[in-house]
Amino acid sequence: MKILKMPKQNLDLFVSVLPAFGEVYAPVKRGKGFAFDKPSLWSDVQMKYTRTILPPKKLMLPPRETTIAFDPVEGFQDQLAMASKPMVLFGVHPYDIYGLNILDRVFAQSKYPDPYYIARRKNTAIIGMDFEPDDKHFAGSMNSDFVDSGFDLFLSDIGDDYLVLVGTSRGDDIVVMSGCLMQTPGEADFAAYKRRSKDRRASYKTKLEMEDLPEIMEMEYHSKAWEDIGNRCLSCGSCSMACPTCYCFDINDEVELGSRKGQRIRSWDSCLFKTHALVAGGENFREERSSRIKFRYYHKQRGFVAEYGRPSCIGCGRCVEVCPAEINIISVIETIRGERDGIASSAPKSV
Amino acid sequence: MELQAVHQNPSEKTENPYLPHMARIVRIHRMVPDNYLFQLRFVDDNVLQNWEHRPGQFVELSVIGTGEAPISISSAPTRKGILELCIRRAGRVTSALYKLPTNAMVGIRGPYGNGFPVEEMEGNDLLIIAGGLGMAPLRSLLWYALDNREKFGTVTLMYGARNPADMLFREELLSLADVEDFNCLLTVDRDPTGTWKQHVGLLPTLFKKATFDPSRTYAAVVGPPIVYKFVLAELLKLNFRKDRILMSLERRMKCGVGKCGHCSVGYKYTCIHGPVFTYWDAINLPEIV
Ligand SMILES: Cc1cc2nc3c(=O)[nH]c(=O)nc-3n(C[C@H](O)[C@H](O)[C@H](O)COP(=O)(O)OP(=O)(O)OC[C@H]3O[C@@H](n4cnc5c(N)ncnc54)[C@H](O)[C@@H]3O)c2cc1C
Ligand code: SF4
Ligand code: SF4
Ligand code: FES
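One line per chain: the protein sequences are X and U, in this order.
The working numbering puts the first residue of the first sequence at 1, with every later residue one more than the last.
The working numbering puts the first residue of the second sequence at 1, with every later residue one more than the last.
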């Protein structure tokens with residue numbers, strides 16, 4: 001892989017070439033948190049953010065999108081052109097890049113590739129950036145705090161400079177267009193990188209034992225703990241909306257008034273909503289709240305392992321941050337592992 | 001690595017699995033009140049010629065201006081040209097379909113799902129067990145077996161409906177009752193007309209009317225939960241192998257292509273890993289029955 005370095009004072013010049021590659025989205029302040037959005041001024045961009053409220057998934061699988069237009073005469077027309085607008089996503093943390101790589105497995109590398117997702121993914125340049133974990137990140141335990149693919153460029157802070165990994169030929173085009181902002185790194189830069197990377201790994205306040213979790217989850221399928229968690233959960237769906245690897249969606253047809261013309265819309269959905277598994281005749285396969293929240297955990301930590309060889313959780317901590325009932329994934333897993341007693345809501349043991 | 005895979009061949013256009021093909025309603029058979037058979041023909045000749053499916057697969061049917069619903073294919077792959085769907089009026093989409101006249105257009109995408117493992121079943125005896133509307137997907141398998149009769153050992157159908165008026169494909173099945181080399185056992189829970197010449201009694205009572213060699217028989221069972229409960233008990237009593245009992249599951253479905261998450265059961269998506277599961281799968285997946 002091509003590795004370069006860029007003095008930090010060159011960043012402003014560097015980002016000025018990005019609009020040539022698409023509409024730029026970067027982390028900016030939004031209320032008390034952060035969001036990937038179009039910055040009005042580059043000085044609004046937060047180089048040290050904890051996590052965005054919504055993950056980059058919102059740009060690849062928008063909360064609501066028109067997939068198909070229909071008309072009783074013309075039939076069905078796909079609306080793919082709307083998904084082909086080039087974008088640059090700047091400042092993505094490694095676990096979020098990993099999250100997109102996981103979505104790729106479902107939406108791009110599966111039996112029925114999803115053309116809308118693929119169009120956005122192909123047309124989006126990803127510029128990654130390293131981060132300092134807070135008490136809710138546990139990416140270190142989920143093998144997702146380092147990525148070797150899924151980005152065009154990746155910037156790591158090594159003091160006065162960024163070490164720049166060039167991941168794709170488009171990444172290289174960005175480097176070339178930015179002129180002479182980059183230099184060749186030397187021994188000292190690599191040493192600084194290694195030191196910082198080691199410090200970061202050591203700085204995780206939250207760790208989770210993931211070995212054999214799928215087997216333990218099998219054993220604990222009927223554990224009473226799920227009932228306790230279900231009793232607290234409000235089924236609000238916030239955790240799945242905020243999760244970079246939750247991708248359930250709904251499909252609905254919206255008809256223009258007084259005609260049979262309209263659009264097929266897909267929109268985010270959640271397995272925590274009561275109607276998720278409801279079928280004709282009124283049978284609901286997950287009527288109980290506890291069965292729904294249990295399902296979310298099983299799908300991420302157990303089902304995904306069976307299907308794709310790893311859990312789909314990447315340890316971003318968003319679900320912990322958004323849950324109004326203070327349900328904490330780390331405490332839930334510790335409870336299931338038998339490493340703590342009682343209800344999985346209070347602060348996790350390892351913090 | 002992943003991203004590069006996505007970036008390969010940017011000019012290559014992926015087929016859009018969400019885009020329905022237009023099909024014309026050629027004929028509507030009002031088989032049973034609230035359960036009609038719709039015969040469809042694709043408008044695009046290319047689609048018509050290239051259409052292939054397996055018994056047990058399903059399509060997503062679009063009623064333009066209303067929405068989509070997953071429906072099993074009732075016709076056999078051996079009978080090309082017309083796609084037959086046996087559809088119960090259950091809600092929004094199906095009610096809108098019932099309002100459409102002959103020659104109206106609908107959208108079809110698919111076929112989806114794994115279907116029955118017919119290659120694996122060939123060379124063995126076949127026992128098809130249908131309860132109520134379960135006949136809709138099993139009719140495709142039945143005709144596949146009858147049209148490829150030489151590939152199977154004995155072929156037996158056991159079908160139970162509440163009363164003769166509720167029996168799907170009644171005339172067709174009655175016409176098969178005397179066919180040689182096919183054991184067609186039809187039963188109704190009760191016969192208010194008094195004119196029913198086949199069996200009367202609950203579906204499991206048909207087990208007394210036939211003999212099986214479980215070591216060389218595949219059983220395909222589709223019906224409401226109560227049917228599974230009693231039929232599975234009978235099959236296990238007869239020592240059928242758990243991985244040779246095949247069942248088709250219904251879950252809520254939206255996309256049909258393993259993305260939207262609605263059809264999940266335990267760790268699997270019914271739309272791609274199913275809808276046909278073996279009994280062995282069923283007892284190893286949480287929340288399957
Ligand atoms: C693999 C498979 C094969 C199938 N094969 C057949 C077949 O061959 N023939 C057949 O007739 N049917 C078949 N079905 C069932 C069929 O798909 C449903 O009956 C159909 O989806 C009903 O669609 P609808 O729009 O008419 O009903 P809907 O309007 O979707 O209503 C059906 C029911 O769903 C519930 N519901 C739906 N949406 C909501 C909501 N937003 N909020 C609350 N409740 C809701 C309600 O309980 C309602 O009664 C199959 C299903 C599957 C999964
Ligand atoms: S489950 Fe929670 S911590 Fe894991 S990826 Fe999703 S939001 Fe992040
Ligand atoms: S955010 Fe919390 S309360 Fe809301 S659905 Fe998720 S676990 Fe339940
Ligand atoms: S119906 Fe969407 S995943 Fe199966």
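One thing to keep in mind: the hints can contain errors.
Taking lysine-lysine and the DSSO-like style, the derived pairs with C-alpha atoms no more than 27 Å apart in a straight line are [unchecked claim]:
| hint | chain 1 | residue 1 | chain 2 | residue 2 |
| --- | --- | --- | --- | --- |
| 1 | X | K8 | X | K48 |
| 2 | X | K194 | X | K207 |
| 3 | X | K261 | U | K80 |
| 4 | X | K58 | X | K274 |
| 5 | X | K111 | U | K99 |
Source of the hints: derived by calculation from the structure; they are not laboratory data.
Each hint tested on the structure:
Straight-line distance between C-alpha atoms of K8 (chain X) and K48 (chain X) comes to about 14 Å, which keeps the hinted pair within the 27 Å bound. Annotation: proposed proximity of K194 (chain X) to K207 (chain X) holds, straight-line Cα distance about 21 Å (limit 27 Å). Our distance criterion of 27 Å between C-alpha atoms is broken by K261 (chain X) and K80 (chain U), whose separation comes to about 31 Å. Among the hinted pairs, K58 (chain X) with K274 (chain X) is consistent with the structure: their alpha-carbon atoms are about 23 Å apart, no more than 27 Å.
A C-alpha spacing of about 35 Å is found between K111 (chain X) and K99 (chain U), which places the hinted pair above 27 Å, so the restraint is violated.
Violated hints, in rising order: 3, 5; the structure is consistent with all others.
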